[in-house]
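Visitor: Turn these sequences into a full structure, and let the hints guide you.
Residue numbers for the sequence shown follow my numbering, so the first one is 11 and each next one is one higher.
Worth flagging that the hints you see were computed from the coordinates, not collected in a lab. Don't take every hint at face value.
Stated by the list, open to error - Quick list of in silico lysine to aspartate or glutamate cross-link-like pairs, DMTMM-like style, CA-CA up to 25 Å:
| # | residue 1 | residue 2 |
| --- | --- | --- |
| 1 | K72 | E113 |
| 2 | K58 | E102 |
| 3 | K72 | E102 |
| 4 | K77 | E57 |
| 5 | K58 | D91 |
| 6 | K77 | E59 |
| 7 | K77 | E41 |
| 8 | K72 | E59 |
| 9 | K58 | E30 |
What the hints assert, rightly or not - Ranges between beta-carbon positions, derived for each pair:
| # | residue 1 | residue 2 | range |
| --- | --- | --- | --- |
| 10 | I74 | L17 | 26 to 32 Å |
| 11 | E92 | H48 | 15 to 21 Å |
| 12 | G121 | D63 | 28 to 34 Å |
| 13 | T44 | D91 | 20 to 26 Å |
| 14 | P27 | E102 | 29 to 35 Å |
| 15 | G25 | L50 | 40 to 46 Å |
| 16 | T40 | G93 | 42 to 48 Å |
| 17 | F61 | G93 | 16 to 22 Å |
| 18 | T62 | R117 | 41 to 47 Å |
For glycine and all other residues, C-beta sits at the position ideal for the given N, C-alpha and C.
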Amino acid sequence: MRTDVMLQTTTISAGAPYLERANDLYDIATECWTTEAHVLYYGTAVEKEVFTDSVSIIARWKPITGKSTDPIIKITITPRDEGSVARIFEREHPFITKGNYAEDAIRWLNGLYSCI
11 MRTDVMLQTT TISAGAPYLE RANDLYDIAT ECWTTEAHVL YYGTAVEKEV FTDSVSIIAR
71 WKPITGKSTD PIIKITITPR DEGSVARIFE REHPFITKGN YAEDAIRWLN GLYSCI
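Guide: Below is the structure:
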């Protein structure tokens, strides 16, 4: 299993402007995914990268000390016509079930903002 490649798994279009959509997604992802690292397991860090024509929301594992790992999931939101399009990229990893983070992101991108 290769863990160094992120694959696009989902694309979702919406009528909301991309910056508004990205800010909403960042807020809920930070609330639901952020955890602190402990001796026995990594925490999860959520970051937002803003570019001229896109915004990426990234979740990565965070060890107690040292640098965070490569992204677990990356959601890139870009403008499209009167709305926006979100593309979800996932990394295969032996310790997580594929789709756990993506299921949350899909639900949030469709306007259902809750931590389940």
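Visitor: Each hint: holds or not?
Guide: Hints versus structure:
no., hint, result
1, K72 x E113, "21 Å, holds"
2, K58 x E102, "21 Å, holds"
3, K72 x E102, "17 Å, holds"
4, K77 x E57, "13 Å, holds"
5, K58 x D91, "23 Å, holds"
6, K77 x E59, "17 Å, holds"
7, K77 x E41, "21 Å, holds"
8, K72 x E59, "17 Å, holds"
9, K58 x E30, "13 Å, holds"
10, I74 x L17: 26 to 32 Å, "29 Å, holds"
11, E92 x H48: 15 to 21 Å, "45 Å, violated"
12, G121 x D63: 28 to 34 Å, "23 Å, violated"
13, T44 x D91: 20 to 26 Å, "33 Å, violated"
14, P27 x E102: 29 to 35 Å, "32 Å, holds"
15, G25 x L50: 40 to 46 Å, "44 Å, holds"
16, T40 x G93: 42 to 48 Å, "23 Å, violated"
17, F61 x G93: 16 to 22 Å, "18 Å, holds"
18, T62 x R117: 41 to 47 Å, "28 Å, violated"
Checked against the numbered hints given earlier, the structure breaks hints 11, 12, 13, 16 and 18 and satisfies all the rest.
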